[in-house]
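With the hints as constraints, model all of the structure from the sequences given.
Residue numbers (numbering that gives the first Met the number 0), protein chains in the order written: chain A, 0 to 313; chain B, 0 to 212; chain C, 0 to 540.
Simulated from the structure, these hints should not be mistaken for lab results. There may be inaccurate statements among the hints.
As the list claims (entries may be wrong) - Across the chosen pairs, the derived CB separations fall in these ranges: (1) Val289(C) / Thr67(B): 37 to 45 angstroms; (2) Phe49(B) / Tyr307(C): 15 to 23 angstroms; (3) Arg288(A) / Gly128(B): 55 to 63 angstroms.
From the three backbone atoms N, C-alpha and C, an ideal C-beta is built for every residue, glycine too.
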Amino acid sequence: MNFPIFPKSASTTAVQTDHLFFLLLAFSAVMMALIFLPMFFFLYKYRRQSNADRSSRKLPTEYIEITWTVIPVFISLAFFALGARAYFNEEVPPADTLQINCVGKQWMWKFQHQEGNREINELHLPVDRPVTLTLASEDVIHSFYVPAFRIKQDVVPGRFTTEWFQPTSTGSYRFYCTEYCGMDHAKMAGTVIVMTPADYQDWLEHGSVRDTLAQSGEALFRTLGCSGCHAGNSAIHAPPLEGLYGRLVPLSDGTFVRADDQYLRDSILNPASQITAGYAPVMPAYAGRLSEENLLQLIAYLKSLAKETPPKTP
Amino acid sequence: MAERTTTIAKQFEDLPQQREAVTLGMWTFLATEVLFFGGLFLVYSVYRHFYFNAFAAASKHTDVVYGTVNSVILITSSLTMALGVRAAKLIQYRNTIRFLLLTVCLGLAFLAVKGFEYHKDITDRLVPGLDFNPDLPLHGQIFFWLYWTMTGLHALHVIIGLGVISTMIGLLSRRNGRPVHAHSIENAGLYWHFVDIVWIYLYPLLYLVGRHS
Amino acid sequence: MTAEPQNYLNGEYTIKSWLLTTDHKRIGLLYLLTILFFFVIAAFAAGLMRLELLTPQGDLVSSDTYNKLFTIHGVMMVWFFLIPSIPSVLGNFLVPLMIGARDVAFPRLNLLSWYLFVLGGFFTFHAVILGGVDTGWTFYTPYSSTYSNSHVTEMALGIFIAGFGSILTGLNFIITIQKMRAPGLTWFRLPLFIWSMFATSIILVLATPVLAITLLLMGVERIWGIGIFNPKLGGDPVLFQHLFWFYSHPAVYIMILPGMGVVSEIIPCFSRKQIFGYKFVAFSSVAIAVIGFLVWGHHMFVSSQSIYAGMAFSLLSFLVSIPSAIKVFNWTATLYRGSISFEAPMLYVLGFIGLFVVGGLTGLFLATLAVDVHVHGTYFVVAHFHYIMVGGMVTAFMAGIHFWWPKITGRLYPEKWAQFSAIILFIGFNLTFFPQFVLGYLGMPRRVHEYAPEFQVYNVLSTAGATILGVGYLLPLIYLLWSLKNGPRADQNPWQAAGLEWKTASPPPEHNFEETPVITEEAYAYPPLTSSQPTPEEPHG
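Laid out in structure tokens, this is it:
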């Protein structure tokens, strides 16, 4: 039986996390020595049968107590700060990441690349390029975890969560679901396959060539009837979607909201909850009529319209 | 206002210890009740923050007349309860019983009004999951399960409170000349006032959301 | 054979006198029997789990069965063994004795607490009989509220009812400690066990109601299908986690604080000296209780909660470790210039300190945000909490049971067997759970019955350890039962310990003290030591 002692380190995050881990390990070793060595010493020296000097000794109790309270506080603050900084780095993605959608459902993982490639329980990626996964769940809470990358993010139904990382070496790395999700939770695992950029490009082109995410989304936009109201020449007065993504949207109650992924999702599933200022609440709700994958495709399409200008309103 | 020798439970040394223990016990119990309802109020706050418009729209469908009448009834019952406690401290047992009976009647009136109100809410299709009124937004259902849960739990506590007060009335009526501790009545009063205070928070949160507009 | 004096055990023997007792000492024993029942079931579930985990394939039990096993294990161990263990067994027995009172403030409420516990336990056990629950002890939504087909509602009802028993126990202790101390027993003369029981009771009383409402809402959603935590109907599943952990984190302090109280009693006795830094140890219990309410979000760092909230919880989680560290330092310092003996209670306590230090330090790993992202939901967490709860709490419980066994039963247990068991437990425990830290960092998720082959070695070690651990629990069960009939009779104070409970007979009379004691000295007023220390007499009858 082989037994690894330490997991492979295959991402930029892993390097940071392992540094912190070893620092904590060293600190723990020191603390254990500071506690157990005196303890063993006292247990031996002052065991009942010994005739060590046990006369009462006036110790500066208060100074001792304050010292061993204050020093741990400072050490804690230091570890907190280091951990928080690393955490901030690993939660906030850099600009220009490779965007991939990931849908978790009982008990499998489905990935969609922007170019249209789809995978189940496998994720092909190029090395040395930061990746952001947009995660959605069809049913219960799951959690996407790649031990070799040291990253993990819960996948919560009803919202999008994101997770970014940058693989640093080619190879195959297991991923798991780490939030108990029902009967076959243990089987909900897969492999990330990190390739050289050339191999990755190759894989993309020779994979099942289909429409890109945005193209699939555009098809849905028509078949679901969205273009009936939101196209420029529609008789219904509906907010234009060109240039919408990323902008501030004024709502009917006077507040403003940023048109991000969650906003688009909520507006499609339950439009009545946030009415754009100046428009009537006539859009039908699509909740229950769209899978998470379809939603992600629609949103990809809408994102592709972000750079366009809205048509002139008559 | 000297208290004559009365029965002290055997774990206590003397009457002041018993009185303090029982009173502190009731306050501690009320603290647990605050945390219990508090969890529910927290859930309410979170969802109201997410879905204020839906809450305002849904709240308009509560019957503010029933709600206001009940508020008046319950506050008055707190008054009668307080008067009953005062009478107990003055060792005026007949007055104590009268005021406690009045409190029970008001409490029952509260429950009766609530019964009529619930009946109306059901015929107005305001029960989530039971042919909920389609004119209301989806998240209005969240408002209404909060409404049913919060008022239902409150009504349960009203019933418990009425039970406690009735027990006090029973003890007072059948005491056979033995004095009854005023602190027992006072602690029952504490519970009743708590039930009243919960309602005072419930009323604006459920009946008055967005009503000024 | 000398005639036994009247005590709380031999006054009346009828079943009715036990089932309708209002004597806090008998109620403590009723709890002991009940929690033992649940411990056995939960331990059996763990045994099956560890057997399954010997091989990477899921070959012993089906997925569904395994999911139900870890749920039963968690639910019963947390709510029906750990939470009541020291408070409801040792606390009930000792609190009035230690403060010189005749009973708790509300004896009938105390009995009601036990009946609520039993009723709650009955519903939980019944849910298991009907087929069990497969949500994990944490009942995360929407799986528990919408998707699971198991007997969630009944089990939640059981926990809900038992929770009220907890609340009433905590309430009883608060009033008792606050109002019924013997004359002269000021706060700073109290045994530290009482301080920790007081802090524990504050948590019991304030945190458990939030669990109650959370379970109620989850049950309501299951029964009526409304969208409390179901995102398809507008609900927020993460809100459940906030509510659940707002109780469940303080709950772990309910579990550990009483254990720390036991340690604070035993170390001075077996070092024959005053504890070091009494006030700091006392206040640290209060600090743990207060700060413990502010750290719940550290269970949710990857849940999609705001990263700024995560940072706040991380900082507070570091701070909550400080008072625990202070206790460990003070316990160690107490040994300095003491006169130390190594009877079983002391061995268990030393084991506690060793295991608790490891558990506590690994808690710092979990409080460190970036590291937690990697190890959350893995066996690292499982190892951490077992070090604290089993290595800590259960070991302290064993220490307390042995220390106060003469007082409770009037008999002495066989010392050599007890020392042997303490060592077996320590070895077995470490072998079971230390490999799990390695497994966790390697990435093995929790709540899985099949796993990647490279994890097998550590799982085999862990299961081997569990076997030894099981022996470590079985032995005391056997020899303690044996001692009830065959152990030498104990006298009033076999350990020559300080504390009011040792100033009355073993076992105590029903009313505890012939006369209400009056306190004039500090806690742990052991006579000053010199270098040539006469050994206190061997425990004798």
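Okay, the hints, checked on the actual structure:
1. For the pair Val289(C) and Thr67(B), the beta carbons lie near 40 angstroms from each other, so the given range of 37 to 45 angstroms is met.
2. Checked against the hint of 15 to 23 angstroms, the C-beta distance between Phe49(B) and Tyr307(C) comes to roughly 19 angstroms, which is consistent with it.
3. Taking the beta carbon of each, Arg288(A) and Gly128(B) are about 21 angstroms apart, not inside 55 to 63 angstroms as hinted.
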